[in-house]
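A.B. asks: Each chain, written out:
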Amino acid sequence: MPPDRIGIIAGLVLFAGLITVPFWYGLVSGVPREAPPLVLPAPGKPCVAPVDYMKRSHMKLLDEWRTLSVRGGTRRYFSADGREFAISLSGTCLQQCHTDKAGFCDRCHETNGVAAPRCFDCHVDPGLIRNSAAQGARTGGSHDD
Amino acid sequence: MTIDRKGFLRLTGLGAAAWAAGKFAAGFPGRRAETPNGEAGRAPRRWALVVDSRKCRQSRDCDLCIRACTRAHNIPEIGDPRHEIRWIRKATFQEAFVSDPRDSANERFRDLPLVVLCNHCDRPPCVRVCPVQATWKRDDGIVMMDEHRCIGCRYCMAACPYGSRSFNFVDPRPFIRELSSGYPTRTRGVVEKCSFCVERLDGGGLPACVEACESKALVFGDLDDPGSAVRAAVSGNFTLRRKAELGTGPEVYYIV
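Chains A and B, in that order, give the protein sequences. For the first sequence, my numbering gives the first residue as 1, with consecutive numbering after it. For the second sequence, my numbering gives the first residue as 1, with consecutive numbering after it.
Keep in mind that the hints were calculated from the coordinates and are not lab data. Some hints could be false.
[Claimed, not checked] If we take Cβ atoms under 8 Å as the criterion, some of the chain B residues that face chain A in the derived model are:
(1) 83
(2) 104
(3) 179
(4) 184
(5) 202
Note that this is a predicted model, so its numbers are computed, not measured. Think of the CB as a built atom: it goes at the ideal place given N, C-alpha and C, for glycine as much as any other residue.
Next up, chain A with everything else stripped away, as it sits in the complex:
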């Protein structure tokens, strides 16, 4: 075996090892791979789509909702099993079921290191308003106007 070939193969192995560091480091270091404890909505309230689908593809559904409502002017959505929903991230998802955004959306995204698309830069978390209203009531501030 010519010496060049040995060098090349060793180099390739080293290279492959180095670029896969994140994968085997994750396996070795024992970072838990279970789902984080999420604050789930009350049982008996089925989601817009099956849970498995929502886990994998909620972003696709939200993207479809955006297209339907903003581009298509349709604000009602019919799920595959025939139930009707208002197309609204704040008003339907967060208001009616996932009332704890920090314990649901944020926790999963943070644990998985998935930078969320910046939905909530604009779409208002109703919890934010509930909290500030509660704070206002505690401090005796009033909201007239």
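With chain A fixed as given, assemble chain B onto it according to the hints.
C.D. replies: Same frame as chain A, now just chain B:
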């Protein structure tokens, strides 16, 4: 199988005719598939607003429409006029209608108070210049804005002859007096404007400003509907439109 020249031409012609017939038939709206989630079945309309300034000027300090709009759309109250976000605002007759500074309105009219907002033009120049189709004209005439897609180039602001668009130079969230989850806020770097409250219209309601106006100075409806109140207001009065001579076809009418 062999084919002669004549047979080839005949088949080609038949094929082209069949394709054209299919295209033609697909063009009829009745053939479109109706799905509950699709947009089929929405009748095109021509939404228009009439501002009856005779009623508007009876109470000069009234700003019910502006406050209702601010509340309905989480509009920030920044204070700095360079950064102000305004969907609907007050203007005098002179500001709204006299574009040449050498002209001036009759003294009787000059200071008449009006409200100005996006005119939802028939031929909107803002839509023509938008490089990313973040703003477009809906079938019902509303000039719609998709802030998701806006890249903040502000071509539309340069193109709009009415100054109806505002740019978010700063993050608006801290300046919203009463945050509501009923409508999204915007982020720094996007353009926004009046949408005739599409979210309310799609649900069968009226724009927030029209609903809030106590003196009924704002009349909203479908101008293509012969029985509508806007149609009656436009056909029964002398109305003006802002800078109609530019050919943009504004859909906000003023009774002075």
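A.B. asks: Check each numbered hint against the structure and report the violated ones by number, ascending.
C.D. replies: Structure breaks hints 1 and 2.
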